[in-house]
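Visitor: The residues making up each chain are set out below.
There are 2 protein chains.
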Amino acid sequence: MEFVITLNRGSSLPLYRQICEELRRLILSGYLLPGQRIPSSRALAKSCKVSRATVNLSYEELLSEGYLKSSHGAGTFVNDQIPKTFIQSTDPTHQLTQAKQIKLSKYGTHIAKSKPFRPIEQHLPINFLYRQPAFDQLSLQQWGRLLVHHCQFNLKLLDYGNDLLGYRELRKAISLHLTQSRGLRCEADQVLIVNGSQQALDLVTRILCDSGDWVGMENPGYLNAHHTFLAQGSRVLPVPVDESGIVIEHLLGFTNAKLRFVYVTPSHQFPSGRVMSLSRRLELLSWAQSSGAMIIEDDYDSAYSYGNQSIPPLQELDKSGAVIYIGTFSKELFPALQIGYLVLPKHLVNVFANAKCLTDLQSPLLEQQVLTDFINEGHLERHIKRIRNLYYQRRQTLVQALSMYLGECATILDENAGMHLMVHLQTSLNDEEIIHRASQVGVGLISAAQNYSNASYEGKFIIGYTDLTVQQIQEGIYKLAKVLKEPTTYTDIFRYSVDLQESACSCKK
Amino acid sequence: MEFVITLNRGSSLPLYRQICEELRRLILSGYLLPGQRIPSSRALAKSCKVSRATVNLSYEELLSEGYLKSSHGAGTFVNDQIPKTFIQSTDPTHQLTQAKQIKLSKYGTHIAKSKPFRPIEQHLPINFLYRQPAFDQLSLQQWGRLLVHHCQFNLKLLDYGNDLLGYRELRKAISLHLTQSRGLRCEADQVLIVNGSQQALDLVTRILCDSGDWVGMENPGYLNAHHTFLAQGSRVLPVPVDESGIVIEHLLGFTNAKLRFVYVTPSHQFPSGRVMSLSRRLELLSWAQSSGAMIIEDDYDSAYSYGNQSIPPLQELDKSGAVIYIGTFSKELFPALQIGYLVLPKHLVNVFANAKCLTDLQSPLLEQQVLTDFINEGHLERHIKRIRNLYYQRRQTLVQALSMYLGECATILDENAGMHLMVHLQTSLNDEEIIHRASQVGVGLISAAQNYSNASYEGKFIIGYTDLTVQQIQEGIYKLAKVLKEPTTYTDIFRYSVDLQESACSCKK
Chain A
35 MEFVITLNRG
45 SSLPLYRQIC
55 EELRRLILSG
65 YLLPGQRIPS
75 SRALAKSCKV
85 SRATVNLSYE
95 ELLSEGYLKS
105 SHGAGTFVND
115 QIPKTFIQST
125 DPTHQLTQAK
135 QIKLSKYGTH
145 IAKSKPFRPI
155 EQHLPINFLY
165 RQPAFDQLSL
175 QQWGRLLVHH
185 CQFNLKLLDY
195 GNDLLGYREL
205 RKAISLHLTQ
215 SRGLRCEADQ
225 VLIVNGSQQA
235 LDLVTRILCD
245 SGDWVGMENP
255 GYLNAHHTFL
265 AQGSRVLPVP
275 VDESGIVIEH
285 LLGFTNAKLR
295 FVYVTPSHQF
305 PSGRVMSLSR
315 RLELLSWAQS
325 SGAMIIEDDY
335 DSAYSYGNQS
345 IPPLQELDKS
355 GAVIYIGTFS
365 KELFPALQIG
375 YLVLPKHLVN
385 VFANAKCLTD
395 LQSPLLEQQV
405 LTDFINEGHL
415 ERHIKRIRNL
425 YYQRRQTLVQ
435 ALSMYLGECA
445 TILDENAGMH
455 LMVHLQTSLN
465 DEEIIHRASQ
475 VGVGLISAAQ
485 NYSNASYEGK
495 FIIGYTDLTV
505 QQIQEGIYKL
515 AKVLKEPTTY
525 TDIFRYSVDL
535 QESACSCKK
Chain F
35 MEFVITLNRG
45 SSLPLYRQIC
55 EELRRLILSG
65 YLLPGQRIPS
75 SRALAKSCKV
85 SRATVNLSYE
95 ELLSEGYLKS
105 SHGAGTFVND
115 QIPKTFIQST
125 DPTHQLTQAK
135 QIKLSKYGTH
145 IAKSKPFRPI
155 EQHLPINFLY
165 RQPAFDQLSL
175 QQWGRLLVHH
185 CQFNLKLLDY
195 GNDLLGYREL
205 RKAISLHLTQ
215 SRGLRCEADQ
225 VLIVNGSQQA
235 LDLVTRILCD
245 SGDWVGMENP
255 GYLNAHHTFL
265 AQGSRVLPVP
275 VDESGIVIEH
285 LLGFTNAKLR
295 FVYVTPSHQF
305 PSGRVMSLSR
315 RLELLSWAQS
325 SGAMIIEDDY
335 DSAYSYGNQS
345 IPPLQELDKS
355 GAVIYIGTFS
365 KELFPALQIG
375 YLVLPKHLVN
385 VFANAKCLTD
395 LQSPLLEQQV
405 LTDFINEGHL
415 ERHIKRIRNL
425 YYQRRQTLVQ
435 ALSMYLGECA
445 TILDENAGMH
455 LMVHLQTSLN
465 DEEIIHRASQ
475 VGVGLISAAQ
485 NYSNASYEGK
495 FIIGYTDLTV
505 QQIQEGIYKL
515 AKVLKEPTTY
525 TDIFRYSVDL
535 QESACSCKK
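Residue numbers (this note's numbering), protein chains in the order written: chain A, 35 to 543; chain F, 35 to 543.
The set of hints was computed from the structure by calculation and includes no laboratory data.
Take every hint as true, because none was put in to throw you off.
Chain copies aren't distinguished; within one or between two, either way the pair holds.
DMTMM-like, lysine to aspartate or glutamate: derived pairs with alpha carbons at most 20 Å apart:
| id | residue 1 | residue 2 |
| --- | --- | --- |
| 1 | Lys-140 | Asp-244 |
| 2 | Lys-380 | Glu-221 |
| 3 | Lys-419 | Asp-501 |
This is chain A alone, in the form it adopts within the complex (with noise of 0.2 Å):
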């Protein structure tokens, strides 16, 4: 066994007591067992720098303590006489008492006692979950391509970043993308890159929010948004949505020294999937400005919009500095990604970047490299065009087979946009039971119960379609109807694929 001594040449204690005192506290705290061998005189001299001499007096004074024994010839070895009282105590026992102990934070009690927050996820072969974009559609050899070049070409980019914001080419692109696709007119330097929208969500609680205030959001609304909300010590306000967005009037009265900020998602609401009006917006950003609240506009999924109408972000439309817009590249690119970013009003970016940097110093860099040159080679906008016209045909595959197989059952909530819709069940199930008849199919799907504040929201279903094709999409909704109208039986999921054949045809586009 090797070991090294510190001693502290400085101190008016003699280089051999301080060896005898090292020792001494190893034995008693149980690191050197008893029975153990310790190093040569002539080993421990030469790693302590010391004179053998010195290590020798050492030795000598514990073996004649009782610590140490000599057998001539062998060595020197922990007296395996030592009363084990002596010896610190190890045992596992002591495992349990620390765990007790632990106190933790207020913020850390509130997220130990949660269930993981993300949905347990079934493998089953037609998942209608509402957030995988279509991986397939993505030119993974140009970013292949982007990657290679930036890890060899661009060496200093390896190392930490100098900019707080995040890297400036790629907020220069971001700002030029969200002009063109978005309206959204803002300089590089609002821009903060963060990790996707969850960090953006996590900041802007921690900067606006102490434990005990309120914040308001919509009601359905974003669960992982909830979550940050509460875990934050935050009270949350659950706001009614409309056929226009979140009502307003449920806002009037509250002022920023009650409500800090509002959270919406106005180009498609989730999960109800619709669009906030322009009026709305105005009314909201009008309540805003009087109350002193701030608005966070999350655009998730904006990018996918099928019909003419391109209201103005509400960041657009803001002229007071009350809007904090959050964007994320997970629904135009792929998850795995994780980049996002925020547009600040002028006055708040010093506080983010400051916040950024002290959360994760930077979002990783090498990935920001390469987005920033896929944007600006146009393939984000070639990307974008083509899944929009993919989501666009499986939306349109989804909203044609709701109505064919389930025709008045079913009722689609939202507008057209985004990656997956809304549909109310009208059966005599629980959701309980008509999310287990369609696993038993191989169908997977999300109750929204879970997004609204209270429970009585039963029948309404957020349905994704964005990574399934044409055909799933119908498979999935007939064997739906199917088990939504029966109960099921083995021979009857035979009997549906052989209907299914005959049927599919019928609905192609």
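Got chain A sorted already, so can you dock chain F onto it with the hints?
Guide: Chain F only, in chain A's frame:
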């Protein structure tokens, strides 16, 4: 101009009245400007999916009310005679008002007042920065090859990860890597992947500390840790460091009710560079066990130990679940990668995983996969071995150059480890003057004064050497020595460079 008015078809209010209300609101809010042309009744009818007659009815009402005016043949316009006071002001003075109203959280208020947290880096020819790995030694072709491989053949891995702790194969690889390189045994399910050690620090602080709680840290210590603790509202107890590491006497008497955790850098104390002795480690653990406080072990540059000694990490010595271990690949590979990890006591895994999920969902996945292969294929080990030798050589050069050019004016404080060393320069000059003179001859230096809790530590400098060549190190210290001895003039600088060429040979390895 195109826009859509959202109508509520379930409302008792007739559609034409709804259109009137919306248009009035758009005009009064200033979105439609006086004199602006509005869509033709045909266009609006189409976009709102109502009959043209309905729109005509609305327009007639608004014309009669004076909101609109019609110019025969030219279209319909917003009346430019509407009193400006009717129209909601959106002038820029509001921006100021809103900025003043915004109330930040305690966290936000603290960091808004702070200066940016990264040192301002001067671009000087020879910069003794303390955190730059030698990027040019990294096998970037391997890295690039793995990047391309994963992003082309692993489509499903572009998705959201399904593991709250991070990519499981990487966690297994890290667990094995830690056993082999650090003698640290842990299970893959104790490892949480985070964005570099800064995110680890932030998570630890949020989960263990409420505002007002005390935490201990080494004095001198790591500045960003200090900022992180303060931003969370913690009070920081600076604990002195001696030759063996943090001095336990200063912790005695504190329990976890008073002191939530102690943050230490045992492998290579930052910035003094000392290695915590084995017995001090055991003493610290014993204190933690009795006090109930946690120990946060930041092992930031442990890969680079140049002596024979290999003291087990606190995490390995600990039997009571009191240690949270922080590791990073920023120093072993490259900082832009931004992958770090925590090794957690088992009873804290769940709360940290939830916190990571709410903070930013997950760390980017593609580079987690690449890193996994890079470790498993042995590239990491080979890379570390290669640059450890290189750093050793550069370190020796630095030590020799300090001794040769500065002699007794320079005292090296630390042990034989890490990526920097700390030097005490005994001159009549203050730190600012030393830095200024050095920069005049193109040499960058960082004072350690800001790493001390009190300001009386002049003359200590953190000198990094890992990204400088042997020649640069010699030249840098030579130039430093010259300017410390006499006032600098430009003539002097020319003279030095002649001197240098003569003397460089004598200290070349």
